[in-house]
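*Asks:* Below, each chain spelled out in residue letters.
2 protein chains.
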Amino acid sequence: MISNLIKYVDDHQEEYVQTLREWVAVESDSSDVTKRAELYRMMDMVGEKLRKMGGKVELVDIGEEQLPDGSSLALPKVVTAQFGSDVNKPTVCVYGHVDVQPAQKEDGWATEPYNLTEINGNLYGRGASDNKAPVLAWIHAVEAFKALDMDLPVNVKYLIEGMEETGSNGLDAMIKSQKSTFFSDVDYIIISDCGWLSKRPALTYGTRGNCYFFAEVEGPKQDLHSGVYGGTVIEPMTDLIGILDTLISPSGTILIPGIRDAVAPFSDEEWKMYQDIEFDVESYREKIGVEQLMYNNKVELLAHRWRHPTVSIHGINGAFSAPGTKTVIPAKVTGKFSIRQVPDMDPAVVEKQVTDHLHSVFAKRKSPNKLKVKMIIGAKPWLADIKHSLYEAGKAAVKRVFNVDADMIREGGTIPIARTFQDVTEKSIIMLPIGGFDDGLHSQNEKMSTKTWHYVLMCGLLY
Amino acid sequence: MISNLIKYVDDHQEEYVQTLREWVAVESDSSDVTKRAELYRMMDMVGEKLRKMGGKVELVDIGEEQLPDGSSLALPKVVTAQFGSDVNKPTVCVYGHVDVQPAQKEDGWATEPYNLTEINGNLYGRGASDNKAPVLAWIHAVEAFKALDMDLPVNVKYLIEGMEETGSNGLDAMIKSQKSTFFSDVDYIIISDCGWLSKRPALTYGTRGNCYFFAEVEGPKQDLHSGVYGGTVIEPMTDLIGILDTLISPSGTILIPGIRDAVAPFSDEEWKMYQDIEFDVESYREKIGVEQLMYNNKVELLAHRWRHPTVSIHGINGAFSAPGTKTVIPAKVTGKFSIRQVPDMDPAVVEKQVTDHLHSVFAKRKSPNKLKVKMIIGAKPWLADIKHSLYEAGKAAVKRVFNVDADMIREGGTIPIARTFQDVTEKSIIMLPIGGFDDGLHSQNEKMSTKTWHYVLMCGLLY
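Chains as they are written, first to last, in this note's numbering: chain A, 264 to 726; chain B, 264 to 726.
This is chain A alone, in the form it adopts within the complex (with noise of 0.2 Å):
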């Protein structure tokens, strides 16, 4: 049986590069709306090849989006897809998207971004990795078993979007008022919308959430000549420096207070599974570039990346930040920073926490100037159980099919959706990476491993 099925993907592998290679010819570049007519087209793809499969396949309209100039857009629509509907059979939901991050040759790629390229056994070309690869193989998955004309051994749903790189708008109302009839009969859902961290398999169980804020000092009417008027005004840019000087320290701790309290502690358990956990703190210093980390032991460098929070601070609006020189004093700048969010941080604490305390340094400094603290994004943190049984099977497929225990990891980064999924349904999740830990997601030279890929055409028989 399994072996019937591991032949015909073997014996069709070039089939599958060749769809991959039509799929990232498409340029769905979500974030630019002049390649909306590519994003509809690869929905339509999408579905095309679902339905050709046999699936039940449906193009769900999610409605538009407001572009700044007032105009509206239609979002991409949302394609699902059904194979097999046994009651006696668990249902498996798999997501997944077709849109992509921005690429064009002058950013710094070997290749034509738009035209998979294989070199050496990689597969490289802008979405090959992040997502087109992992949401094909799951499909070739089911299409193995319709081909040889077997059973399922599970129904499975598909559920691909076009919108994620860009924020998945649409996407979450569109899973509420599915939740009683598309969700209602599936059991698991799985995201391979992640990389592995090294060359050892790993199965994802949880995310960090993220709050983002905007720190606006504003002070005078318009900019003004910094030779004219410096000396004269309280600069909107020297109390916005000092603000944000005091988020966090030069080794990296959070000072804003409170913020640590609500971080579950770190278990002896835990400590264990991260010693286990293959990774090569030099090789991860080396692929930075940084003469030092932030921690050198392994574990602490884990434990910061995955389940402890973090303040990033990454730009101002407002300011000059043009190359050359202009002698201007800014009249209104914005100071943005995100801190990743870990179990049990609540973002509504944190916001209320933030805002506080910048309200209070701001406070000390008298000026005359004016600020304003809002937190724009504030995602939750997801963390699955991993004693659960869709781990356990799981950890048995990779077992099989490698050879190996998977690697049990946190990913630093938010995969907003997961959580909404596991607010909204109630089922559970597992992430289940075929992103090579190499793989330059959102990156120049972004690629997909063909022997990666393989595997999870293994995997997915075995589910």
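It should be emphasised that the hints constitute simulated quantities derived from the structure, not laboratory data.
In this text, all values refer to a predicted model and were calculated from it rather than measured experimentally.
There could be a bad hint or two in this list.
It does not matter which identical chain is used: a pair holds within one copy or between any two.
Think about it this way: if two alpha-carbon atoms lie no more than 30 Å apart in a straight line, the pair counts; the simulated DSSO-like pairs of lysine-lysine are [unchecked claim]:
id, residue 1, residue 2
1, Lys270, Lys439
2, Lys633, Lys589
3, Lys589, Lys615
4, Lys635, Lys589
5, Lys595, Lys635
6, Lys550, Lys633
7, Lys595, Lys561
With the hints as your guide, set chain B onto chain A.
*Replies:* Chain B only, in chain A's frame:
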């Protein structure tokens, strides 16, 4: 004699406005290379105007500028002109510029910026005050003598450039190379590229210099995702914010050791002079639109505007500066700030003080990132002797035309060309402002009052 001239000037007001309208209509924005043809045309128009008046005109080639893409572009020629060469008369050289800052209606202009529009005695248009009308005023003064066939009381030279708004590229070299030719018989240099302080006419006897710094902090090889990497690296932005926060106190005191030691003491005589200057602190505060200024006392405020150093943080290059949210850890960020220079500060000393200070506070952070500090501009302050005959003549002219004593003022900004003229030609310089205090230089709705403009013609005649 003088009355004929005054009548002539009065009779030709409409013609003067028409000429200014033609000049303002030329988008001679020197910061925009796509407008370079307009700038060349502007210089030709200036040359043509002076030639028609019978001047000995030259368009001096000052070479090319290198663009960031590696190509080069011819700088606009500098127009020089000469009227009279009587060895028994002193020779006055008028400096001005006819390039402008960028302007678009959308920036918030009430009128089309390149279509000179008269409203209630004000002529609105980009370059009206800075510096096209002042240049024309000095041209019309000589023109009136010529039209009436009257002898000029002095020999007059003009030096009109087209790159002032972007740093007078090429002009320093041109001045140096013509030291013993064009400048050999020049006795006095007049600059009208500044403004009054109030409604009372003024003469300007000093400008601040400027030291502009880039502080670059470099960490990872490339920008990182703040979710994936946040908590594992010491972020360059945190370091940069930390060191920028050590430059100036919340109340405006410069914290860099040694900086204030070189500042010339404020004498009682100066205090008295400042006390007499017409300047309303409250209107100044309202105009800027802040709740409170750095100093509420007139003398203190003017002193900190003109004759004390100040630090302005202009912005950061390399960080996220757009609207919206981006979860990035910028890999390399460059903070930009400048320190206004006053007598007896020396940019070379300031460079060392700032560099040492920043490296010292950076070292205390024990960061693995790299700091580079570079002084990009090091412009000295300029100060004239107000007891010089040139200023006595200026005061007399103002007194005769307006029947008030001229306020003796300084500029907080830097007019580097004044310092160059002084250092290279060793001639005496006077700054005779024509722009009104509320002309909105570099800003929206720039204008020139017809009344103020009229005045300089008078002054011109009296020299």
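*Asks:* Which holds for Lys550 with Lys633 at a C-alpha limit of 30 Å: within a copy, between copies, both or neither?
*Replies:* This pair counts as between: shortest inter-copy Cα distance 17 Å, intra-copy 42 Å.
*Asks:* Tell me, please, which holds for Lys595 and Lys561 at an alpha-carbon limit of 30 Å: within, between, both or neither?
*Replies:* between (42 Å within a copy, 26 Å between copies)
*Asks:* Since the copies are identical, ignore which copy is meant and state whether Lys633 and Lys589 lie within 30 Å (CA to CA) inside a copy, between copies, both or neither.
*Replies:* both (24 Å within a copy, 24 Å between copies)
*Asks:* Pop the pair Lys589 and Lys615 into one bin, within, between, both or neither, using alpha-carbon distances up to 30 Å.
*Replies:* between (36 Å within a copy, 22 Å between copies)
*Asks:* Can you give me the call for Lys635 and Lys589, within, between, both or neither, at a CA distance of at most 30 Å?
*Replies:* both (26 Å within a copy, 19 Å between copies)
*Asks:* Go through the copies and call it for Lys270 and Lys439: within, between, both or neither, with a Cα cutoff of 30 Å.
*Replies:* Cα proximity of Lys270 and Lys439: none, with 40 Å in one copy and 82 Å across.
*Asks:* Since the copies are identical, ignore which copy is meant and state whether Lys595 and Lys635 lie within 30 Å (CA to CA) inside a copy, between copies, both or neither.
*Replies:* Answer is both; intra-copy 11 Å and inter-copy 28 Å each pass.
In summary, the one numbered hint that this structure violates is 1.
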